[in-house]
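*Asks:* Model the full structure from these sequences, guided by the hints.
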Amino acid sequence: LLSGERTAADITSEYLSRLRRTEPSLRSFIHVAAAAAEREAEELDRRIASGGRDAVGPLAGVLVGVKDNLCTASMPSTGGSRILDGFQPAYDATAVRRLREAGAIVVGKTNLDEFGMGSTTEGSGFQVTTNPWDDSRVPGGSSGGSASAVSARQCVVSLGSDTGGSVRQPASFCGVVGLKPTYGRVSRFGLMAYASSLDVVGCFGSSVFDTATILSVIAGHDKMDSTSSSHDVPDYRSDLASLSLLESKPLNNVRIGIIQETLGEGVDAGVISSIRSAASHLEQLGSVVEEVSMPSFSLGLPAYYILASSEASSNLSRYDGIRYGQQVSADDLNEMYGDSRANGLGHEVKMRILMGTYALSAGYYDAYYKRAQQVNIGREHPL
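Residue numbers are given in the UniProt record's numbering: position 15 of the sequence shown equals residue 15, and the series is strictly consecutive.
What the hints contain is simulated information worked out from the structure, not anything from laboratory work.
Mixed in with the good hints there might be a few duds.
[To be verified] The following label-pair restraints were derived from C-beta to C-beta distances:
id: 1; residue 1: Ser361; residue 2: Ala36; range: 41 to 49 Å
id: 2; residue 1: Arg6; residue 2: Leu301; range: 45 to 53 Å
id: 3; residue 1: Ser280; residue 2: Ala35; range: 43 to 51 Å
id: 4; residue 1: Gly300; residue 2: Ser50; range: 51 to 59 Å
id: 5; residue 1: Glu283; residue 2: Tyr358; range: 43 to 51 Å
id: 6; residue 1: Arg276; residue 2: Ser50; range: 53 to 61 Å
id: 7; residue 1: Gln88; residue 2: Pro302; range: 21 to 29 Å
id: 8; residue 1: Ser196; residue 2: Asp235; range: 28 to 36 Å
Built from N, CA and C at the ideal position, the CB exists for glycine as well.
*Replies:* The following block contains the structure:
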């Protein structure tokens, strides 16, 4: 692009053409902003023509899909829920704003399980996304639309969110690179809250370098998010480049652990074989791979469900038809609350709200929520 071999308008047109061809079967996007993307690309070309490399940011012309639970001022943001159908935020999420400032072009909002609660993207309030490799299969979730879009080359990279695997799992299903940063590394400002102590903004790309590039842009402290890390942001791209320059053993002195409990009953033999193969390759690159035991591993999922559902029951109380959400006509306030939520929220979301409310109720707080907190491992901000 900066060399003049291609224009941003040409690249954008190519991706939009592919998106239009594949979207009817994939349904990766809830909203596509094609006209806005074309205008931004043309403006980018004018800036490059007049000012050269210094006139644009490091992501100039890169088409980005944004998971629809991240706020965007220029297009609707629904969280994958009918209760927010047509909702237009007044601001961009910090991660989205930083991408735009770096020159990226947001092509649209990607599909997800409602408010991030699910693992197949079948729980969206709008549509079901399919897997680009096999349209009879799911892309994973909850960030299935973001993973599917990158896998099908509908966009170059995408943003997602990860509370309990929602970036990592769909990345594996769709054959792309998914990165869940350490909690606090990326600002959560503008991310629709599901479970605030677990929610993380992540990203998808076709390569490790792609995700490192995106992380370099979106990471860093944000005064709008008190939980964001104040530590300096490493130059992830330079670190990767340094590794690639090492001749034979770039992973010397690196120890990698494989949790024994993740290879037990219920894991497909093909998955175990792939993990063993990857471990062997990493050893050839100089690392030491060891199997380690984590006896508390089996407690992770039940603790997650208690903590996440409890926080969701509080966070989602804002969708009442008054502050946020579609309002339903009713005879009194309580009826309006009930009808707005009954009509606007899906089954999975209702179930988790009920579970969380129960876990936080008098007589059960100590037995469920407090014990789940004790299982949860404390996190430190990344260096």
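*Asks:* All hints, please: hold or fail.
*Replies:* Against the structure, the hints come out as follows:
no.: 1; hint: Ser361 to Ala36: 41 to 49 Å; result: holds (46 Å)
no.: 2; hint: Arg6 to Leu301: 45 to 53 Å; result: holds (47 Å)
no.: 3; hint: Ser280 to Ala35: 43 to 51 Å; result: holds (50 Å)
no.: 4; hint: Gly300 to Ser50: 51 to 59 Å; result: holds (54 Å)
no.: 5; hint: Glu283 to Tyr358: 43 to 51 Å; result: holds (47 Å)
no.: 6; hint: Arg276 to Ser50: 53 to 61 Å; result: holds (55 Å)
no.: 7; hint: Gln88 to Pro302: 21 to 29 Å; result: violated (38 Å)
no.: 8; hint: Ser196 to Asp235: 28 to 36 Å; result: holds (29 Å)
Checked against the numbered hints listed earlier, the structure breaks hint 7 alone; every other hint is satisfied.
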